[in-house]
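Make a model of the complete structure from these sequences and hints.
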Amino acid sequence: MTCNEIKELTVPYLELDLEPVRVREVTIHLDGCAKCRAEMEAVRQVLVRVKGVTVPDPGDQFWSEFPGRVRRELAHAQMKGQGDVTLLRRPVSARSWLRTSMWPMALAASVLLFIGAWFLKGLVDKGLVQAPTEQTVVQTPQGSQDLTHPTDADLETYWDDDPDTVLVEMAARLDQRTMDRLFGDI
Amino acid sequence: MESDTQLLDRYAAGEESAFEELVRRHQKTIYDLAYRMLENHADAADMAQKTFVQAFLHHRSFKRESSFRTWLYQIGLNLCRNAIRDRARLAHEDVEEVTLTAPHDTFAEVANGELKDRLGEAIRTLPTRQREALVLRVYHNHAFAEIGTIMSCSEGTAKANYHHAVDKLRRILVAGEGIP
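First to last, the sequence lines map onto chains A and B.
For the first sequence, position 32 (counting from the first letter as 1) is numbered 32 according to my numbering, and the numbering increases by one without interruption.
For the second sequence, position 60 (counting from the first letter as 1) is numbered 1060 according to my numbering, and the numbering increases by one without interruption.
Please note that the accuracy of each hint is not assured.
Stated by the list, open to error - Taking lysine-lysine pairs in the DSSO-like style, the calculated list, with each CA pair at most 27 Å apart, reads:
1. K35/A - K51/A
2. K35/A - K80/A
3. K1028/B - K35/A
4. K1159/B - K7/A
5. K1063/B - K1028/B
6. K1028/B - K51/A
7. K1063/B - K1159/B
8. K51/A - K1159/B
9. K1028/B - K1159/B
10. K1168/B - K51/A
11. K7/A - K51/A
12. K7/A - K1168/B
13. K80/A - K1063/B
14. K1159/B - K35/A
Hints listed in this document are in silico derivations from the structure and should not be mistaken for laboratory results.
Okay, here's the thing in C-alpha cells:
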C-alpha cells in the first residue's frame, strides 16, 4: 500500500470505518512509515479538538419555556391557516354553517315530506283514514245548513234573546253520525 | 417509554401533552444542530423553534420511512441552509464559501468563547455541506447512512463530505500551528 493510498484512508481508519483486511494493511504500512504515522496523528488531533468544541447551554429557564414558545408560534401559524391539521380549530360561524348545510337539509326535508305523503295516501287507500269530503260536513237533519258556519240570521234571531237556547238548538241539530264518529272512541 | 411516532399519533388526536413531550425530547438536539450551523444563540433558538413549528404544522407529510428525529434533522438543516443562504445574499458572498459571521449576540459573546478560537474559524470556512456532515458525524454521532438520509444524498457522498471537511480542517490547522 502506498503513502497516497494511506492518505485516502486516514479518516476512515480513525473512524473505524474500514474492513478488517484494509485496517490490517494500513496498520502494517504505518508501522514502517514515520511520515504517514505523523499524518495520521495530525488528523487524529484535529478530530479530538473538533469534538471538544461545545455549545453553551442557554439555561434551564430557556428549556422550560421553549415548548410554550413553540406552542404559541404554532397556534399563530395555524390561525393563519398554515399546515395540515389544526389543534386550535377555528370556530364555524352560524351563517357559514347554514350556508354549507342548507342543501342537505332541504333535500332531507323533501324526502321526509314525500315519504309522509306516500304513507298517508296508503292509509287513505286502506280506509284507515277518511279523506275529507263533502259528506263530512255537519248538516242539520232538515237539509243543507252547515252548523260550522251558522248564518247571521240564526245568530241575530235567537242569540241576543236566549243564547242558551241557541246553544241547545245547535247541539240538537248535530248529526248523530257525526257525533258518533267524533266521540266514538271516548 | 412511548415512541416518537406514538406521541405523534397522540398529538394528531389532539393531546397537548404529547406535543410537549415531543418538543422536550428533541429540543436540545435541534438547538445544538442549529447553534453549530448558525453560531449564535438568538438564531439557533429561532431556528429550533421554527423546526418544531414546521414539523407539527406538516406532521401529516411525515411518511414514517425514517425516524421522527431524522425528519426533524431534515427540517432543521433545511432551515439552517436557508438562513445561511440569506446571510450570504445579504453579504453578497458565495454561499458555498461564505464565512459565517454571527450577528451581534451578547449571550454568544459571553458564553461561546470556544467557537471563536482558531478551530472555530477553521470550521466556519467549511462549505455548508461539509460542515453539515462534520456536525452530524462528530457532534451527533450519526452513521453515514443516516447522515445521507438527513442531507438528502447518498451514504458515499456524506462520507466524502465528511472526509473533505476533516482534511480541510487539518490543512488549515497544520498551516496555522505548525502541526506536522
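Results for each hint:
1. Restraint check: the Cα-Cα separation between K35/A and K51/A comes to about 25 Å, which is no more than 27 Å; the hinted pair holds.
2. Restraint check for K35/A and K80/A: the C-alpha separation of about 63 Å exceeds 27 Å, so the hint is violated.
3. About 41 Å separates the Cα atoms of K1028/B and K35/A, which puts this hinted pair outside 27 Å; it is violated.
4. Restraint check for K1159/B and K7/A: the C-alpha separation of about 15 Å stays at or below 27 Å, so the hint holds.
5. Using a Cα cut-off of 27 Å, the hinted pair K1063/B and K1028/B holds, with the two alpha carbons roughly 24 Å apart.
6. Pair hint K1028/B plus K51/A holds up; C-alpha atoms about 17 Å apart against a cutoff of 27 Å.
7. Taking the CA atoms of K1063/B and K1159/B, the gap is about 26 Å. The hint holds against a cut of 27 Å.
8. For the proposed pair K51/A and K1159/B, the alpha carbon gap of about 17 Å is at most 27 Å, so the pair holds.
9. A hinted pair counts as satisfied when its Cα atoms are at most 27 Å apart, and K1028/B with K1159/B qualifies at roughly 25 Å.
10. Restraint check for K1168/B and K51/A: satisfied, since their Cα atoms lie roughly 16 Å apart, inside the 27 Å limit.
11. Taking the CA atoms of K7/A and K51/A, the gap is about 21 Å. The hint holds against a cut of 27 Å.
12. For the proposed pair K7/A and K1168/B, the alpha carbon gap of about 13 Å is at most 27 Å, so the pair holds.
13. Annotation: proposed proximity of K80/A to K1063/B holds, straight-line Cα distance about 25 Å (limit 27 Å).
14. Between K1159/B and K35/A the CA atoms are separated by roughly 25 Å; this keeps the pair inside 27 Å, and the hint holds.
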